[in-house]
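Turn these sequences into a full structure, and let the hints steer you where they fit.
Heads up: the sequence lines are chains A and B, in that order.
Residue 95 in my numbering is what sits at position 95 of the first sequence, and the numbering runs on without skipping anything.
Residue 144 in my numbering is what sits at position 30 of the second sequence, and the numbering runs on without skipping anything.
Just so you know, these hints were derived from the structure itself, not from any lab.
Any given hint could be a false lead.
[Said to hold, decoys possible] Restricting the straight-line Cα-Cα distance to at most 25 Å, the calculated cross-link-like pairs of lysine-lysine (DSS-like) are: (1) B:Lys154 x A:Lys38; (2) A:Lys38 x B:Lys136; (3) A:Lys101 x A:Lys113; (4) A:Lys37 x B:Lys133; (5) A:Lys71 x B:Lys155; (6) B:Lys166 x A:Lys101; (7) B:Lys166 x A:Lys96; (8) A:Lys101 x B:Lys132; (9) A:Lys54 x A:Lys5; (10) B:Lys155 x A:Lys5; (11) A:Lys37 x B:Lys154; (12) A:Lys101 x B:Lys155; (13) A:Lys101 x A:Lys71.
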Amino acid sequence: DQQVKQNSPSLSVQEGRISILNCDYTNSMFDYFLWYKKYPAEGPTFLISISSIKDKNEDGRFTVFLNKSAKHLSLHIVPSQPGDSAVYFCAAGDRKAAGNKLTFGGGTRVLVKP
Amino acid sequence: ETGVTQTPRHLVMGMTNKKSLKCEQHLGHNAMYWYKQSAKKPLELMFVYNFKEQTENNSVPSRFSPECPNSSHLFLHLHTLQPEDSALYLCASSQVGDSPLHFGNGTRLTVT
Numbered sequence: 001d002q003q004v005k006q007n008s009p010s011l012s013v014q015e016g017r018i019s020i021l022n023c024d025y026t027n028s029m030f031d032y033f034l035w036y037k038k039y040p041a042e043g044p045t046f047l048i049s050i051s052s053i054k055d056k057n058e059d060g061r062f063t064v065f066l067n068k069s070a071k072h073l074s075l076h077i078v079p080s081q082p083g084d085s086a087v088y089f090c091a092a093g094d095r096k097a098a099g100n101k102l103t104f105g106g107g108t109r110v111l112v113k114p
Numbered sequence: 115e116t117g118v119t120q121t122p123r124h125l126v127m128g129m130t131n132k133k134s135l136k137c138e139q140h141l142g143h144n145a146m147y148w149y150k151q152s153a154k155k156p157l158e159l160m161f162v163y164n165f166k167e168q169t170e171n172n173s174v175p176s177r178f179s180p181e182c183p184n185s186s187h188l189f190l191h192l193h194t195l196q197p198e199d200s201a202l203y204l205c206a207s208s209q210v211g212d213s214p215l216h217f218g219n220g221t222r223l224t225v226t
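Below, the structure written as structure tokens:
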């Protein structure tokens with residue numbers, strides 16, 4: 001059973017508008033969450049992370065929100081740019097567990113239209 | 115950014131072949147990982163090495179054999195694979211702990 005789910009396989013947004021990507025998790029032991037971006041023929045690239053002690057973390061155009069009670073996190077990209085077109089993965093980890101093991105969602109493909 | 119380098123980028127092998135995937139990281143990290151990404155599936159963790167010691171084997175079949183000779187190098191030895199093992203194999207590294215993983219560009223493996 002998937003412990004991290006991204007229910008929207010794809011998202012299309014106009015350049016300059018906001019992209020909102022969602023992720024749900026089931027394991028209450030997860031206390032560390034990350035977003036990765038992946039272009040074709042490349043490996044995932046780390047974007048932004050958030051600890052469970054926070055509910056928001058911002059880095060430039062990227063903001064991650066965490067709602068622990070709902071076991072839900074989201075990534076906001078504003079303003080969206082054509083170069084943001086990629087597949088985005090959310091990932092979750094348990095810092096108390098041995099080894100930095102991350103569980104990934106299935107990804108959301110974002111297309112930003114000029 | 116090529117902090118984690120994987121070779122080869124593409125590999126086609128028969129079910130009776132033996133081949134190896136190589137990963138090298140130039141980031142000074144002390145943990146290395148193998149992940150598998152099959153079509154339509156999330157990334158799946160295969161192996162974790164912390165300070166050259168294997169700390170995780172995620173129920174991976176023995177036809178996949180990892181080797182970590184030092185903190186900068188990681189290998190995945192392959193033998194008698196099945197067509198369903200065709201996938202993108204990604205190597206990653208990090209500092210031990212909860213630091214983000216840095217991924218290589220992967221090896222696209224096709225088993226015929």
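Do the hints match the structure? See the list:
1. B:Lys154 x A:Lys38: Holds, at roughly 15 Å.
2. A:Lys38 x B:Lys136: Roughly 21 Å between the alpha carbons, so the hint for Lys38 of chain A and Lys136 of chain B holds.
3. A:Lys101 x A:Lys113: Cα-Cα ~35 Å, so violated.
4. A:Lys37 x B:Lys133: 29 Å, violated
5. A:Lys71 x B:Lys155: 21 Å, holds
6. B:Lys166 x A:Lys101: The given pair, whose Cα atoms are some 16 Å apart, holds under the 25 Å limit.
7. B:Lys166 x A:Lys96: 20 Å, holds
8. A:Lys101 x B:Lys132: Distance of about 28 Å is beyond 25 Å: violated.
9. A:Lys54 x A:Lys5: The given pair, whose Cα atoms are some 21 Å apart, holds under the 25 Å limit.
10. B:Lys155 x A:Lys5: 11 Å, holds
11. A:Lys37 x B:Lys154: 17 Å, holds
12. A:Lys101 x B:Lys155: 17 Å, holds
13. A:Lys101 x A:Lys71: Cα-Cα ~19 Å, so holds.
Checked against the numbered hints given earlier, the structure breaks hints 3, 4, 8 and satisfies all the rest.
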